[in-house]
Amino acid sequence: MKYFDIVNDITSEKLFKENLQMYTDEQFTRYAQMYMDTVFRVAFNYLKSHTEADDVTQNVLLKLYQTKKVFENDEHVKHWLIRVAINECKRVLLSPWRKVEPIDDYAATLEFKTPEQSELFSKVMELPEKYRVAILLYYYEDYSTEEISRLLKIPQATVGTHLKRAREKLRIKLLEA
Amino acid sequence: MFENMNEFDKNLYKDTFSVLKASDKTLLEVMKMENKKKRIWQFTPVRVLAASVAAVMVLTIGVGALNDWNFSNVFGGVFGSGNSDFELPHTIKPEVTNKVNPLKKVDLEVLGIAGDDRALYMVVEFKGITDINDYELGLFDFTAFTAGQSRFGLAPLGTEESKQNAQREDAEFISYSVSKNILSESNNSIIIAYGYEFMNLVLEKGYMHFMLVDERTMTGNDNNQNYEESLAKVMTFDVLLNYDFSAVRSFEINQITNLAHRDGEITFPVMLNSVEITPIAVRFTINCEELWDEYGFNHQAYDFDYSVWIKLKNDETMFSGSDSIGGGGYGLFGGDMNYAVHFDTPYDLNDVYSVTIGDVEIVL
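First to last, the protein sequences are chains A and B.
Per this note's numbering, the very first residue in the first sequence carries number 1; after that it's consecutive.
Per this note's numbering, the very first residue in the second sequence carries number 1; after that it's consecutive.
The following block holds chain B by itself, in its conformation from the complex:
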């Protein structure tokens, strides 16, 4: 290592540490990122077939996107009634026609979707199932959300399972044991509810993709006959939960705002790089560098307290509340960081006069 015990052997060091490489899992995750937009089209034959029977719904949540559909009746039937978790501001009885698996003639109906920027629940019913066997039924989920809690329930069983940070990849899917006797007697149906909580649509724009398949499709098959049979049972649909993109306003303002340090001693410049305003949320990116004072000491912001306001043209003001960005003991600095605040009541962007973040007012 040390030639003549004095010179550092750089080449030996490089050779040694060149063996350190990110794992295959990381590589897969990276590939998942880059294939996010192509996933429907470019995956395995199972997915290709799935895509062929997919229905894509674009769910745009606009102002007052509430109707009189009582979602608690639907979700309560699966997760239990009186669950306040489902009192979400955006609840939809989607206008969805039944989607038919052309191979097995199983009807799929989306009974309801409820969601906001931080949670989404969906209830789906499969009707007219005539050939189900006693095997696992899995919900295969290609969403990019990696944190939070997934909830999954089967109405006929009255059961619910919650999974924290559930893994949602090929080898690991959320599943239940399903036997023939859980089918409702009236129409041989299964009602399945699936939900995400604490997902972050700030970063992901709400793209969600569900696939419902049976065990043999998911876990691989010993012989082609089973494989082909399983393929026939693939039923899938994609849901794009999205805000009305036509209404979203984005700004690249590159404006510096001063957000006071919590203890009031130092004011840090914060670069507000971009702002996006949706009908229920304001998203923004900040970049905060540390400060060097005149004595050569380095200061880093630990917490930023900020407020976000929306001022409407009728002089009404909507206040999202104050929030704090915590950087931990080492401060908050470095690359761009994305944040968002959410409003309880949707608003029409046409009615918005300005948005204020910290001390920056953006007039639309």
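Same shape as in the complex, but just chain A:
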């Protein structure tokens, strides 16, 4: 039996296409471009660390690249990516080696158009993680409380409570500022 074969032309291309993953490059590129920043925003709001959020984003997109899951539509992909991102963030939070990094330096690099935006960013980041994520999904991603409930795996009423308390806390913080 001959175990090794030397191939002098690139026959591996066929093997890759048949075996590596089911998405075409075009599909993956499209999804990555559409949702990469969405995943990053979710991860950043969860972790308050842009480096960790970048890592999570890469991992999530890698999972997308590798998954054999069949998606019904674009919204299904987005929902799945956010769900996986949340899982990844939870895993990161559990890491015993995790270091909490101040976000001031990173915030200084963000190009806010007005001081009001900078102030809002700072105050939102002071909120507890569960409030930050709920606000992001509700006000930025335009998910309903029912959809957020499914994404975060928490009861719908709890989502409503989180949003209400988040708004209250934010209002007080901005008034005090």
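Don't read these hints as lab results, they were simulated from the structure.
We put the beta carbon where it would ideally sit given N, CA and C, even for glycine.
Be aware that one or more of the hints could be misleading.
Stated by the list, open to error - Calculated lysine-lysine pairs in the DSSO-like style (CA-CA distance at most 27 Å, straight line):
| # | chain 1 | residue 1 | chain 2 | residue 2 |
| --- | --- | --- | --- | --- |
| 1 | A | LYS123 | B | LYS21 |
| 2 | B | LYS14 | A | LYS78 |
| 3 | B | LYS25 | A | LYS90 |
| 4 | B | LYS25 | A | LYS48 |
| 5 | B | LYS14 | A | LYS169 |
| 6 | A | LYS153 | B | LYS25 |
To be verified - Some but not every residue of chain B turned toward chain A, in silico, with C-beta under 10 Å:
| # | residue |
| --- | --- |
| 7 | ASP9 |
| 8 | LEU12 |
| 9 | TYR13 |
| 10 | ASP15 |
| 11 | VAL19 |
| 12 | ALA22 |
| 13 | LYS25 |
| 14 | VAL30 |
| 15 | ASN350 |
Chain A is already provided as a structure; the job is to place chain B on it using the hints.
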């Protein structure tokens, strides 16, 4: 923010948080994913030239893919003898002819490859080097493996360097300072060993691509003359470590298996989405959702204990051992997760009667 201090200003919030964007590094990583299949052909001129002198080896590891080649002699010469790390089940003295850089007439010979699903080592010798200067020699690696440990050694120096989670991108490559006096006197050769440990071929199918270049090629050059000279020294080869794809059996069974929760209190349904059986490993994808009990409480699986067995047609049973999938404090749920178990001894898929994962038996 709060119009009349009561209404949440959604637009201001959106404008504010729209500045949050994934970094360029992330974008590069994503592009790397999508170019994985095209990398040989579509990169920079250096890579195009490299590809032109590339030899591609398809290494298929089948049943009993062991021969009497004593790899420890080769690897021990670089990493030190008696290193048990290299006692890998699949060891190859590849039947590789010398690959010649047509521009500089440097012979490249792959002396040996040793590997399994979790590690791969390679020893390469460059012979007949006549024009090496005192500059860095780097191993430029395009593999997709991002975790684990890389080991890199130069035989003449007797040195070894290990890098945890070594970065392997354009700007960062694993390198050594090489001077002319390290060339062996007999044939002006350099023996280089390179290894990965803890890589995960479960996800990557074992695609590996190495490139050996000199410093000036890698770090950019101040003038075209140096650039052209460096290009001439590019020597490269690709290695596709792969299992015999023709022998791999894949299943899309979409079957639910019940894997008991460790404390025995709750049984979680686990969707076993796909199973792939190679000559030395069983790979599978699971998806586990949380459970809501009759009281409205949410339960998530924390650990799954499972076993994988292979039953051969001669009634012999091969047991991979039990393993556990840990989901951490928040449980294990959500998207598809890929896992694999490895067997110490290769088997012929033609001899396999069934594979059992958890309580699901798949008869081939």
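Are LYS123(A) and LYS21(B) close enough, with their CA atoms no more than 27 Å apart? Given that 27 Å is the threshold and the Cα spacing comes to 19 Å, the pair holds.
Is the straight-line distance between the alpha-carbon of LYS25(B) and that of LYS48(A) 27 Å or less? holds (18 Å)
Using 10 Å as the Cβ threshold, decide whether TYR13(B) counts as touching chain A. For TYR13(B), the interface hint holds, since the closest Cβ of chain A sits about 5 Å away, which is under 10 Å.
Any CB of chain A closer than 10 Å to the CB of LYS25(B)? holds (6 Å)
Can the restraint linking LYS14(B) and LYS78(A) be considered satisfied, given a maximum Cα separation of 27 Å? holds (18 Å)
With a cut-off of 27 Å on the C-alpha distance, tell me whether LYS14(B) and LYS169(A) pass. holds (18 Å)
Was the hint right that VAL30(B) lines chain A, CB cutoff 10 Å? holds (5 Å)
Should the interface hint for ASP15(B) be scored as holding, given a Cβ-Cβ cut-off of 10 Å against chain A? holds (6 Å)
Hint validation: ASN350(B) versus chain A, beta carbon distance must be below 10 Å. Holds or violated? The hint is violated - ASN350(B) has no Cβ within 10 Å of chain A, the shortest such distance being about 12 Å.
Need the status of pair LYS153(A), LYS25(B): alpha-carbon distance at most 27 Å? The given pair, whose Cα atoms are some 31 Å apart, is violated under the 27 Å limit.
Against chain A, is ASP9(B) within 10 Å by beta-carbon distance? holds (9 Å)
At a threshold of 10 Å, is the proposed contact between LEU12(B) and chain A supported by beta-carbon distances? holds (6 Å)
Checked against the numbered hints above, the structure violates hints 6 and 15; every other hint is satisfied.
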